[in-house]
Amino acid sequence: MINLFWSGLLVALLLSGCGWDGTATRNNDFTPLTSIEIVAISSTIAAHTSTRLSVKGNFSGLYTRDITDQATWSSDSPSVAGFTTLTSPSRVTGLVPGAAILTATVGSITTNFNLTVSPATIATMTITPANPSIAMGLNTQFAASGTFSDSTTQDLTFDAAWSSSAPDTATVSDSAGTKGFAQAMAVGSATISATFDGISGTTLLTVTEAVLQSLTVSPASTSILSLSSTNFQATGHYSDGSTADITSQAAWASSRADVATIAGGAATTLSQGTSSIRATLDGISGTSNLKVTGGNLTGITLSPANPRLVKDTTGRMTASGSFSNGTSRDITDAVEWTLANTAIANVTTPGGNLAWLNALAVTPASAPVAITAKSGTITASTNLTVTAPLLQSITIFPSSLELTDKTGARFSVTAGFNDGTTQDVTANTEWTSSAGTIASVANSGLAKGRVSAVAAGSATINAAYGGRTASAVVTVRTRNIQSLAISAASSVVVSGNQVKYTATANYSDGTSADVTEDSTWTIDKPNVAVLADSQNQPGQIVAVDSGSAILTAGFNGQTQTVTVTVP
Amino acid sequence: MKRTCQIIIALCLPLLLCGPVRAQHSGPYVGAFIGGNALMDAESSDDLGSFSLKFDPALQGSAVLGWDFEPGNPVGEGRIELEYTRRSNPLDKVKFAEGSFKGGGNVTTDSLLLNFFGVFRDDRPWAPYVGVGIGAARIEASDLQVTGQPMSNDSNFVFAYQLGIGVDFALTKRLNLDLGYRFFGSTKPRFAETNGHKFAMDYFSHSAVLGLRVGF
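These protein sequence lines are chains V and S, in that order.
Under the working numbering, think of the first position of the first sequence as 1, with each following residue one higher.
Under the working numbering, think of the first position of the second sequence as 1, with each following residue one higher.
Hints in this document: simulated from the structure, not taken from any laboratory.
Model, not experiment: these values are computed from the prediction.
Certain hints may be false.
To be verified - From the structure, some residues in chain S lie toward chain V, with a derived Cβ separation under 7 Å: (1) Ser62; (2) Phe96; (3) Phe159.
As the list claims (entries may be wrong) - Simulated restraints on C-beta separations: (4) Asp524(V) - Arg190(S): 46 to 52 Å; (5) Arg190(S) - Ala220(V): 38 to 44 Å; (6) Ala251(V) - Arg190(S): 52 to 58 Å; (7) Gly61(S) - Ser60(V): 36 to 42 Å; (8) Leu62(V) - Arg190(S): 26 to 32 Å; (9) Asp66(V) - Arg190(S): 28 to 34 Å; (10) Gly547(V) - Gly99(S): 47 to 53 Å; (11) Ser60(V) - Pro57(S): 27 to 33 Å; (12) Thr87(V) - Gly99(S): 28 to 34 Å; (13) Arg190(S) - Ser79(V): 50 to 56 Å; (14) Arg190(S) - Ser60(V): 49 to 55 Å; (15) Ala220(V) - Trp67(S): 38 to 44 Å.
Glycine included, C-beta positions come from ideal geometry on N, C-alpha and C.
Next up, chain V with everything else stripped away, as it sits in the complex (with noise of 0.2 Å):
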């Protein structure tokens, strides 16, 4: 152990010691400069027009380094040409035809230059580049160009007078230093003007619509589980500065469609690895990394196993994972549900981890119907027997309920038939309330003969089902809530587990109260947990991947956290 101390530090103190081959920034002011030169585009400028000069110096015959910005500057013919521009220092401008010498200074090494300035005057002016089109938002660099009398040509960028017809379209810049500097403002066309001596060249600058400049996509990288889904946005950033919500424009990729695919923006896993979800439009492209973890499903499991259903009666069924790292969580709504006779049965799924079985007719004798559940290639089978006999009696359960106010319980009712069979009928029961602003009852979907307690008092909760009634009373009392407590087998969830939370009122009067459903449940990292299912599970998480997230209830004006640490 000792040894491998002493080899990793070793190992990391040296490394670090073997040397810089880094870039040099700076510059070699060491060596003496030792000779200087000007250089010029031309030696022979036309009056009126100017040109800038700059300064190679040579040190020591070893190297040369433009030190322009070093030198100063003088003409022994100031009337002739003179360095009048304070903002350019190097730029000479011819103002009478003759003959000048400029000399440059850098410390004490001068050198000189002989300028000739010409009679010649502009013939024509060009402007490049030509008509130009450009996205709203963007900019281009104009150049002129003058042809003089005596046949020769000039840059008369600097020294010409820049202007736009439509400024609102698009600017050019006439300041000494951004000359003919273009910025496209809004779609539309504008002339670009150059005058120089009274004589002018023009372009037709035209902006088009703002250009995609770049795609981002979000969230930048997200972990989500095996057999589920989430969006991706794709976001377009514009030349023009602005931005748009470009998902159903980009098209969508997946740069490992094992692990997961994506159309549209929605991903949907597949198995347990990562994938580059990629977006592109107009050859633009953005990336987020897509981790799937939660293992891979290796076998599915349906409850009920061999359901047997009463004609034109509803059950539920669920689907549970077994996946390759031991977990299991319930994929109700990840599995695709098929029934070998659909005039027998049919499966509705409303959203969730919801699935309802609808028995339509009844089977013939001895040859049940069967119920597909499919996830890629994993597939798990049961048989449904549908049967017809006559309803005999009704049973509400339980007889009667207390409650406390803004709680609430489940009522179920179970049917007897002829046959002696029973079955749970809550989901095709019609239930009603006889005093709805002390309990009400829901009578739609997972929550029918739910009640709710509103405020102090009785009310009878009336269950109908096939022309049979049956009723239980509810008594609801008003309780002070003292505080909210949130309990679990464990707070620590390997990644891909299903977790039930339970939230219990304490009362003031010493009583509790399971709250679970009727809390509100949240967490803050959806990438260490997310809510199974906040319709249909609450209280329930299933962890994603490895950190500590912030589990939230709320109930009656309390709110209580836990964090759930996934390894």
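Please arrange chain S on chain V, whose structure you already have, making use of the hints.
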């Protein structure tokens, strides 16, 4: 230079795999070492930018005064010593933005370190050791030049440290031949340039040393 550096490391690492064993001599000792050192290319910077200094390898000399722990010592088997070392590396080249230029002068280091070595002894006549040292160094930019022009002539005191590994050969009970490798580093010394700026440079060197220690 990086490849050379990595080869040195690779050659020395197997020494760390030797097993711990018993000590021989205990008590005070003195010693002298001589060796070669390679001063790594040094990133340097001042307020005008960064540049690098490349040095030639050079000889180094050390003198040590220490104490061999007796076998079974509760702090472990090994030795503690005070080490003085002098290194002086000629400046070969200086790399600026324009390219590399011929250098001149030396960077000379006088260091005083307190070293702690753990020795892994058994009945064999040789024993591997590893150790660390901390202390101070005076680093002198002695007449540094670029293309024959003066660059710096200054000195600086800095915190210094050292890592060492090697093998002791017991020639007699009191006389040991020591073959070792040392990695020496320091905080960045800052030197005045002739043009008024000040530059800071990295200082890391690798050394191979051969020495004799005499116990008494």
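| Can you give the numbers of the hints that this structure goes against, from lowest to highest? | Hints 1, 3, 14 and 15 are the ones this structure does not satisfy, whereas the remaining hints hold.
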